[in-house]
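Undergrad: For chain F, the structure is supplied; the task is to place chains W and A on it using the hints.
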Amino acid sequence: MSTGHHTSLGLDSRKIAFWAFIGSECLLFGSLISTYLVYKGKSLVGPYPHDVLNIPFTSFSTFDLLMSSLWMVLALAAVQRNDMKWAKVWLLGTALGGLIFLGGQVWEFSHFVREGLTLHTNLFGATFFVLTGTHGLHVAVGVLWLLTLLVRALQGKLTSANAMTVEITGLYWHFVDVIWIVIFTLVYLIQ
Amino acid sequence: MSERTGWKSWLTTVDHKRIGLLYFWTAFGFFLVGGLEALLIRTQLARPENHLISAQTYNQLFTMHGTTMVFLALMPLSVALFNYIVPLQIGARDVAFPRLNAFSYWVFLLGGLFMNLSWFVGPLFHAGTLSVAPNGGWFGYANLTERQYSPGPNIDFWLLGLQILGVASLAGGFNFIVTILNLRAPGMKMMRLPVFSWMTLVTSFLIITAFPVITVALAFLMFDRFFGTHFYLTSAGGDPVLWQHLFWIFGHPEVYILILPAMGVVSEVLPTFSRKPLFGYTVVVYSGVLIGFLGWGVWSHHMFSVGLGPIADSVFSATTMLIAVPTGVKIFNWIGTLWGGQIRFTTAMLFSLGFIAMFIIGGLSGVSHASPPADLQQTDTYYVVAHIHYVLFGGTVLGLFSGMYYWWPKMTGRKLSEPLGQVHFWLTLVGMNLAFFPMHLIGLLGMPRRIYTYPAELGVGNLNLVSTVGAFLIAVALLVFIFNLWRTRTRGEIAGNDPWGGATLEWSIPSPPPVHNFDAIPTVHGRMPLWSEPEKMKQHGPVGHMHVPPGSIWPFVAACGLPLLASSLLTHRLWLVFVGGAVLLVGIYRWAFEPFEV
Amino acid sequence: MSADSAHSDSSPHVAPAGHAHPGAAVYLRIAVILFMLTVLEVGIFYVPAFHPILVPALLILSAIKFTLVVLFYMHLKMDSKIFTMIFGGPLLLATAVMIGLCFLFGVLVIR
Chain F
1 MSTGHHTSLG
11 LDSRKIAFWA
21 FIGSECLLFG
31 SLISTYLVYK
41 GKSLVGPYPH
51 DVLNIPFTSF
61 STFDLLMSSL
71 WMVLALAAVQ
81 RNDMKWAKVW
91 LLGTALGGLI
101 FLGGQVWEFS
111 HFVREGLTLH
121 TNLFGATFFV
131 LTGTHGLHVA
141 VGVLWLLTLL
151 VRALQGKLTS
161 ANAMTVEITG
171 LYWHFVDVIW
181 IVIFTLVYLI
191 Q
Chain W
192 MSERTGWKSW
202 LTTVDHKRIG
212 LLYFWTAFGF
222 FLVGGLEALL
232 IRTQLARPEN
242 HLISAQTYNQ
252 LFTMHGTTMV
262 FLALMPLSVA
272 LFNYIVPLQI
282 GARDVAFPRL
292 NAFSYWVFLL
302 GGLFMNLSWF
312 VGPLFHAGTL
322 SVAPNGGWFG
332 YANLTERQYS
342 PGPNIDFWLL
352 GLQILGVASL
362 AGGFNFIVTI
372 LNLRAPGMKM
382 MRLPVFSWMT
392 LVTSFLIITA
402 FPVITVALAF
412 LMFDRFFGTH
422 FYLTSAGGDP
432 VLWQHLFWIF
442 GHPEVYILIL
452 PAMGVVSEVL
462 PTFSRKPLFG
472 YTVVVYSGVL
482 IGFLGWGVWS
492 HHMFSVGLGP
502 IADSVFSATT
512 MLIAVPTGVK
522 IFNWIGTLWG
532 GQIRFTTAML
542 FSLGFIAMFI
552 IGGLSGVSHA
562 SPPADLQQTD
572 TYYVVAHIHY
582 VLFGGTVLGL
592 FSGMYYWWPK
602 MTGRKLSEPL
612 GQVHFWLTLV
622 GMNLAFFPMH
632 LIGLLGMPRR
642 IYTYPAELGV
652 GNLNLVSTVG
662 AFLIAVALLV
672 FIFNLWRTRT
682 RGEIAGNDPW
692 GGATLEWSIP
702 SPPPVHNFDA
712 IPTVHGRMPL
722 WSEPEKMKQH
732 GPVGHMHVPP
742 GSIWPFVAAC
752 GLPLLASSLL
762 THRLWLVFVG
772 GAVLLVGIYR
782 WAFEPFEV
Chain A
790 MSADSAHSDS
800 SPHVAPAGHA
810 HPGAAVYLRI
820 AVILFMLTVL
830 EVGIFYVPAF
840 HPILVPALLI
850 LSAIKFTLVV
860 LFYMHLKMDS
870 KIFTMIFGGP
880 LLLATAVMIG
890 LCFLFGVLVI
900 R
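Protein chains in written order, with the numbering used here: chain F, 1 to 191; chain W, 192 to 789; chain A, 790 to 900.
Rather than coming from a laboratory, the hints here were simulated on the basis of the structure. Glycine included, each C-beta is placed from N, C-alpha and C at the ideal position. Hints are not guaranteed to be accurate.
Claimed, not checked - Here are some chain A residues the structure puts well away from chain F; computed CB gaps all over 12 Å:
#1 A838
#2 K854
#3 I899
Claimed, not checked - Partial selection, computed: residues in chain F whose CB lies under 8 Å from chain A:
#4 L9
#5 I16
#6 G23
#7 I33
#8 S34
#9 V38
#10 S59
#11 F63
#12 S69
#13 L74
#14 A77
#15 L119
#16 T132
#17 I168
#18 L171
This is chain F alone, in the form it adopts within the complex:
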């Protein structure tokens, strides 16, 4: 992993740090999701979830994000075998998948606002927008991160020597996907 730098566990320090970060994020999203669950059904006025949640549309977003995890994993595999051509393709694909997801969120949010659901309408609005908004922010950061890697790759500065960096990017991206799996179930499907 590193030239001449002894490590006690024989593991890359950045990878350890990142898994610790993901553990920490479990508490962040856990608190947000807990609040959503605790306030579910307690809104005094509508719109209520069944009034505005669009399952077909959100299912498409979910598929999109799941597929983007596939593109990410393929991107990592490409970088690991130093196939930078396909690495760029899959990285772009992942970023596009993220952008499509974000586009969907923007459309969904503005649709909800038009239907009368805002942050301050009721508890559903507050908890829904803060939870999914935080997740969306994480996706946006991820897209920025992916595009940065893509630019580095286009500049010829990304090679298999940077596989660990791409692996960690992947960990972030998959985690963001996994949080969406939880949100999709607890917010959209279990109403």
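TA: For chains W and A alone, kept in the frame of chain F given last:
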């Protein structure tokens, strides 16, 4: 070779020793600020129906005293020791992520300044000076902290300041976890790790799991205050008790974050000055880990008067009593360490012994809180104030002083004066008991917390006066300490590598250590390498050029983005979001892409 | 990034012994399973016959998806157990706190 002198070298330092010193001086400064706030509080309470300080100012004083002491003094003082000592104890050249370490410090400094700026900037918010500092208590209960009841910027300074500080703590937490897990010297298995480093590891895990929860709690408050949500407002079906849950889910692990480092110090100091290994090392380590875990299951014992119901009360009562067990176990092991040892009553040792005695007292009042019916009488009275100050002052502060006296020679090359240290210790011990013991009685006699004055009929005037005298005695003791620090700069006894006859790796290198710490990273075969194989631990001079990472300005730049972002909300200026965001992003990108080799 | 020369290998990445990287085929297969599980989830949502078991079924299905992504896409199954512990601990903690809050707020009750 990086330039090692001048203010620029400090601004760009990524050396854990320098960062440790920066943390120390900044935290100590904030400790004095918090102490001043305490003295003002105690002066106001010295006699009944005093009107030296108005109720409005008083609310700011006790809020800032608590917030400053917890977040700006005690935690960073512990971090100062983590920074300086842990890499030395584990045989590493630095922490795992030196620039992240620097970033943590700058964010801490800026966050502390941001929050304390509130004392002075009242006029910018169309109020007087000394009127917009946070005033909702260090625990900020909703719905007092909501815009309706706290219309001014006070609570905004509080919640935004804490969010900034949270970033610093989290970054440090990740850094120390990786450092301790991955950068240990060859042969240093986990069960050979010095207990201080073990406690640093447990504390770091507590930090990275607890802080996200308060981040969410504060974010909800921010949304309520700025964007019209109703997370804690009943008018829309929300529940103020949600704040209490989220705050204490963070808050209880937080008190273990505050005490475990000091316990780590005691576990180092006692063996050294008893010339005996720590009794029951394995048990002490496991107890620390267990305290970390169990600390997550007790949070609602802060909420026994809220009406959670008998089942919840019983569950949390049981878990709270349970957590006394591993704590007690540690105390017995410390006593076991002293038993039959060759005791040297150095100042460091006195403070550690003082820790044990005072923490037992604090623990006893804590156990009495564990019973909900008893707690219903105690909660929100001065009885609780007694408890927290026995564990936090008698525990954490005494423990940290012990660490300071112990490791001062390692950090500066000079021992602090022992005679002055003894004066400091005894004045502190007498002072703190005068200040805090009467509070047990004051509380049970019916004086609530957080009131700016009290009627004479309550009959607690004399006890309050005694308490105030004690507080000022603590202040005098601190002056002695500060004089000691000052005098030691030029007149302190020069310390060699190992002035105390310590057992662990930090004592094998010069005082202060060279920038690269160890000439050759030693291989260890036990817990006490300097006692079991002293010859093998000798350093023989650097071999060739010792690479030391260059400094970097980007951690500082990135850190500056955070208070700018916070200010955008505080001042309702959208453009500050873009400026702050840009500064943060530029800092991060330059940091990510600059050439840097550990 | 590319600047961290202290952490980079100079040669193309070779999987360390015992850590065989799943090939694209495995990843594709996982993707198909994830796809089908999601179809199942949406199906359970829409088909009224399944509503009595909606909650446990959806929880189990999403848990399986979660596990598949973490174990295979995030490589946790093939990597050192240290990562599992570092992630698993906080995950368990978050789940326990979530369940605790649900009980405290009456979302979950023991009859």
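Undergrad: For each hint, tell me whether it holds in the structure or not.
TA: Verification of the supplied hints:
{"no.": "1", "hint": "A838", "result": "holds (16 Å)"}
{"no.": "2", "hint": "K854", "result": "violated (5 Å)"}
{"no.": "3", "hint": "I899", "result": "holds (17 Å)"}
{"no.": "4", "hint": "L9", "result": "holds (6 Å)"}
{"no.": "5", "hint": "I16", "result": "holds (7 Å)"}
{"no.": "6", "hint": "G23", "result": "holds (3 Å)"}
{"no.": "7", "hint": "I33", "result": "holds (7 Å)"}
{"no.": "8", "hint": "S34", "result": "holds (5 Å)"}
{"no.": "9", "hint": "V38", "result": "holds (4 Å)"}
{"no.": "10", "hint": "S59", "result": "holds (5 Å)"}
{"no.": "11", "hint": "F63", "result": "holds (6 Å)"}
{"no.": "12", "hint": "S69", "result": "holds (5 Å)"}
{"no.": "13", "hint": "L74", "result": "holds (6 Å)"}
{"no.": "14", "hint": "A77", "result": "holds (6 Å)"}
{"no.": "15", "hint": "L119", "result": "violated (21 Å)"}
{"no.": "16", "hint": "T132", "result": "violated (16 Å)"}
{"no.": "17", "hint": "I168", "result": "violated (10 Å)"}
{"no.": "18", "hint": "L171", "result": "holds (6 Å)"}
This entry does not satisfy hints 2, 15, 16 and 17, going by the numbered hints stated previously.
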